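Those protein sequence lines, which keep their order, are chains A and B. Numbering-wise (my numbering), the first sequence opens with residue 6 and increments by one. Numbering-wise (my numbering), the second sequence opens with residue 6 and increments by one.
Everything labelled a hint here was simulated from the structure, so no lab data went into it. Remember, predicted model here, so these are calculated numbers, not experimental data. A portion of the hints provided could be inaccurate.
No copy is singled out in the list; a pair is fine if it fits within one copy or between any two copies.
[Claimed, not checked] Keeping only pairs whose Cα atoms sit at most 30 Å apart, straight-line, the calculated DSSO-like set for lysine-lysine is: (1) K18 with K126; (2) K126 with K11; (3) K238 with K33; (4) K238 with K11.
2 protein chains.
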Amino acid sequence: MSTSEKIYSGKTKDLYALPNGNVRLVFKDDVTGEDGVIDPGANTVIGQVEGKGAKSLAMTDYFFKCLHAAGVPTHLVRVDLDQSAMEVRRAEPLGKDINGAGGIEFICRTRPWGSFLRRYKQYIRDAGQKFDYLVELTLKDDERGDPLINEDTIVALGLLSPAHLEQAKELTRQVCRIVEADLREKGLTLIDMKIEIGLVDGEVVVIDEVSADAMRVMGQDGNVLDHGTLYEKLIG
Amino acid sequence: MSTSEKIYSGKTKDLYALPNGNVRLVFKDDVTGEDGVIDPGANTVIGQVEGKGAKSLAMTDYFFKCLHAAGVPTHLVRVDLDQSAMEVRRAEPLGKDINGAGGIEFICRTRPWGSFLRRYKQYIRDAGQKFDYLVELTLKDDERGDPLINEDTIVALGLLSPAHLEQAKELTRQVCRIVEADLREKGLTLIDMKIEIGLVDGEVVVIDEVSADAMRVMGQDGNVLDHGTLYEKLIG
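Whenever a hint applies, use it, and build me the whole structure from the sequences.
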């Protein structure tokens, strides 16, 4: 891989261009958080946890296998666990910002939790309410706290065509159902998750990672599992 | 009106129940703002401006007449300018919070401006972009800064049926088009506006007020008009 060129350094991954046109994602041990507390949803790197990158990749590998088994397309070509790296097809992320970075994040919720609860607290009649795979869309923008955006606005700003938006939403629900079903077999409950979607050869596919960093999972005691515990349940 | 009973005291209006089953809205001179600066979009009353209530009512009267002329239903029965009051049919606001208060606000934008620009700055390719009457929905909740909400969530939380939501969005666009056309005749440009919608006898109608407090209007010099200036242009 000596001929590969680094094209992007993200908060938790570095990207390299491969000679065959694909991209190599190398998972780092960096963790994000705020005020010294690890929070995968936060936008600032606060330190490193040894083995974190390898575990994130192992879980992405695990979930991508579930998706492939169910016929859901992703950008994954192959995983190299020893190198904490995966090779993926080059995808065009959906909804880039004016600098060609950023993108739309697709959130799927099975119940009110976290930021959703904080935002809509006054309007949630039933605290135990379940959602039929409710999709929310946010824009990647660290400085503005990843703002929520509605579908009409996505289309009005030319970030996505109505057809791709509908396909991406359906893909999001599909991924959520598959992950939820897999976790349920292990006695775990998926609360919500976030994925990124891109276009590969004009087809809408799951990109980036599907890992514990981008989902909330509840154990049988009703508590949300941390990254390490979820890893133990799935892989360890 | 001595037999009327006060049922609600809002930031800019008081509501009284009338013996005939209707409601009397009395416009106050209170103005909202922050740090001593008047801002109709703010949620805190910072003082009073003499004549403000009467002017707001006169403009609501003006715009409701435009709406009625175009066949758009509102809850208005009659306006009593001398008393700064209007009589309206009792409406059920759309999307009440857990205390039976709050509601959905329907925003219509003809171009990016204000909070929209602040939220999506990084994703607006063309600063001069025009929108085809783009609708955004927010929830009235002072404490949480009137959070944005998407349509799927409105329906998932049971705040509105899909049919009423679609009707309310179309009504919002209709009102925006009518107000925009009227302002254009006076050399003014509507940037965006906000209305409230309620159900009267099961029908979706415009409620509350349609006033300068709930719209941004640009003069020929490209500046946004303040409340008093818009009043002069329309009524004075």
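These are the hints, each one checked on the structure:
{"no.": "1", "hint": "K18 with K126", "result": "between (34 Å within a copy, 26 Å between copies)"}
{"no.": "2", "hint": "K126 with K11", "result": "between (44 Å within a copy, 28 Å between copies)"}
{"no.": "3", "hint": "K238 with K33", "result": "within (22 Å within a copy, 61 Å between copies)"}
{"no.": "4", "hint": "K238 with K11", "result": "neither (34 Å within a copy, 60 Å between copies)"}
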